[in-house]
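Visitor: Sequence:
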Amino acid sequence: MSEHTAGPWHVDPKAPEESYFEDVNILREDGLAVAVAVHNGNIDPATVKANAHLIAAAPDLLEALKEALDLLRKEAPGTPLNNHRFDAIGIRAYAAIAKAEGRS
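In the numbering used here, the protein residues as written are 29 to 132.
Worth flagging that the hints you see were computed from the coordinates, not collected in a lab.
Watch out, some of these pointers could steer you wrong.
As the list claims (entries may be wrong) - Straight-line Cα separation of at most 27 Å, DSS-like style, residue types lysine-lysine; simulated pairs:
(1) K94 to K42
(2) K77 to K127
(3) K102 to K127
(4) K127 to K94
All chains, full assembly: derive it from the sequences and hints.
Guide: Below, the structure written as structure tokens:
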């Protein structure tokens with residue numbers, strides 16, 4: 029898998045507020061779409077918009093998760109993830125990163 033489109037991404041400010049027929053675009057900085065939160069007619073418009081905001085946050089979330097894992101490794105010495113309390117969180121975090129990078 030190649031690199032994802034660089035962030036930041038944002039929800040199209042022209043996204044409909046209450047339409048049951050409109051998809052919501054997720055845009056990169058230059059205004060071109062990187063993704064679309066699709067409205068299939070059975071989803072509340074607020075849910076479609078919430079999905080779009082979650083997608084738009086993806087590059088920021090991925091970077092923050094990577095930084096958090098790096099900090100845990102440096103600041104909590106011990107086991108592979110450096111502390112047994114963080115092992116379960118670390119496993120989930122590594123799995124989420126792999127999923128985001130197309131390695132799962």
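Visitor: None of the hints should be skipped; say for each whether it holds.
Guide: Okay, the hints, checked on the actual structure:
1. K94 to K42: violated (32 Å)
2. K77 to K127: holds (23 Å)
3. K102 to K127: holds (24 Å)
4. K127 to K94: holds (13 Å)
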